[in-house]
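Student: Listed here are the chains, written in short residue letters.
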Amino acid sequence: MQLSTETISDALVVTVEEPRIDAAVAIQFKEAMREAAAAGPARVVLDLSRVTFLDSSGLGAVVAVMKHLAPARLELAGLTPAVARVFRLTRMDSVFTIHPAPTDAA
Amino acid sequence: MQHSGECRPQGLRLQVPGNALAVRRALALMTRGLADIGQSAAQIESAEMVMAEVLNNVVEHAYDSHPGLIEIHFDNDPRGMVCTVLDDGRPMPGHALPQGHLPPTQTELALQPEGGFGWHLIRSLTRDLSYERRADRNRLSFRLPVVAG
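As they're listed, the protein sequences go chains A and H.
Under my numbering, the first residue of the first sequence is numbered 42, with each subsequent residue one higher.
Under my numbering, the first residue of the second sequence is numbered 1103, with each subsequent residue one higher.
Please keep in mind that the hints were generated in silico from the structure rather than gathered at the bench.
Some hints here could point you the wrong way.
Heads up, incomplete: computed chain A residues facing chain H, CB under 10 Å, no partners named [stated by the list, open to error]:
id : residue
1  : Val66
2  : Val104
3  : Met107
4  : Lys108
5  : Pro112
6  : Glu116
7  : Arg126
8  : Val127
9  : Arg132
Here the structure is a predicted model, which means the values were calculated and not measured.
We put the beta carbon where it would ideally sit given N, CA and C, even for glycine.
Generate the whole structure from the sequences, applying the supplied hints.
Tutor: In structure tokens:
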């Protein structure tokens, strides 16, 4: 699972560099996020603008990452339409702070 | 008299090994195939969402102990595509479909659910969902309604 990171003010911005977070990579995604945030930033912004597909396994993995990072905050940015639809249909869009674009978050 | 629909395939058939990586490849094949049989981008998006959940369920539950093939049929229909998914794995618990109720909403972060979303997604996006266990096979069928745009 390819991730890139950048620190912008108080936030670690983690960009998912792959188009899918699904059952095939849910575990790798969680592990990669754990490593990326190992330094313990207060705030992590997950940039999903390159992700065009997320299934319920991917959604569960994002929730697991949020719980693992606590008390640090996990926020989401750049949700593409299909991904936003999954969050909306499952009502998990009310659980996360979701920014339209990564630049809005930092 | 020429009928423009005559030269276009009216359905798709796929046979997919029951593992997560094969499911990924099958979904890619499926989205291309559905475009070729004239489905809209919106319909293809819904089809991919539903099929990902359905196929992942087969891989994780029906074929959890023994691998097998998953057979997928798509058939064009005026009210939207009819889809059938067949596998030779373990039966659905109680030989019945999960209701797909979302886990109750939580305010506490530590209690947020990490699962239980799949059947809700399937039920939200399909009509006429039905399951049958027949001749040692699981048979799930549903219709993907026509989506505007």
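Student: Hint by hint, where does the structure go against what was stated? Just the numbers, ascending.
Tutor: As far as the earlier hints go, only 6 is violated by this structure.
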